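A.B. asks: Using the sequences and the accompanying hints, generate a full structural model.
Be aware that the sequence shown starts at 356, since it is given in my numbering, and climbs by one per residue.
In short, the hints are calculated from the structure, not lab data.
Possibly wrong hints are sitting among the right ones.
[Said to hold, decoys possible] Subject to a maximum C-alpha distance of 30 Å in a straight line, what follows is the list of computed DSBU-like cross-link-like pairs (lysine-lysine):
#	residue 1	residue 2
1	371	438
2	362	419
3	438	362
4	438	419
Quick caveat: nothing in here was measured; it's all calculated off a predicted structure.
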Amino acid sequence: MYLWRMKYNDYQNNEKSLRSLTGFSPEQFRELFPYFAEARNEYFSEYDMNGNCRNSRRSFVIYKNSPLPAVADRLFFIPVYLKNNPLQE
356 MYLWRMKYND YQNNEKSLRS LTGFSPEQFR ELFPYFAEAR NEYFSEYDMN GNCRNSRRSF
416 VIYKNSPLPA VADRLFFIPV YLKNNPLQE
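C.D. replies: Structural data, given as structure tokens:
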């Protein structure tokens, strides 16, 4: 399974698949999304990807060729990875 090819839009209307992949119902995921987006924006406004303080005036941007370009896809990736990674040998 290639996690970087999995997109939230493919699973947002399929409650059974979304719950099995993330452990969240579609309603729970939609409730969590605004808090995640706000926390992500707040964190990356002050810190870079390595956790260091941002020294430059350049703001965080998501590149066009990013494997997870949408914030919903980034939020979707985290619980899928945390739930399914321990199953790997």
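A.B. asks: Hint by hint, say whether it matches the structure.
C.D. replies: Hints versus structure:
1. A hinted pair counts as satisfied when its Cα atoms are at most 30 Å apart, and residue 371 with residue 438 qualifies at roughly 15 Å.
2. For the suggested pair residue 362 and residue 419, the alpha carbons sit about 15 Å apart, so the restraint of at most 30 Å is met.
3. Our distance criterion of 30 Å between C-alpha atoms is met by residue 438 and residue 362, whose separation comes to about 16 Å.
4. About 28 Å separates the Cα atoms of residue 438 and residue 419, which keeps this hinted pair within 30 Å; it holds.
Checked against the numbered hints given earlier, this structure breaks none of them.
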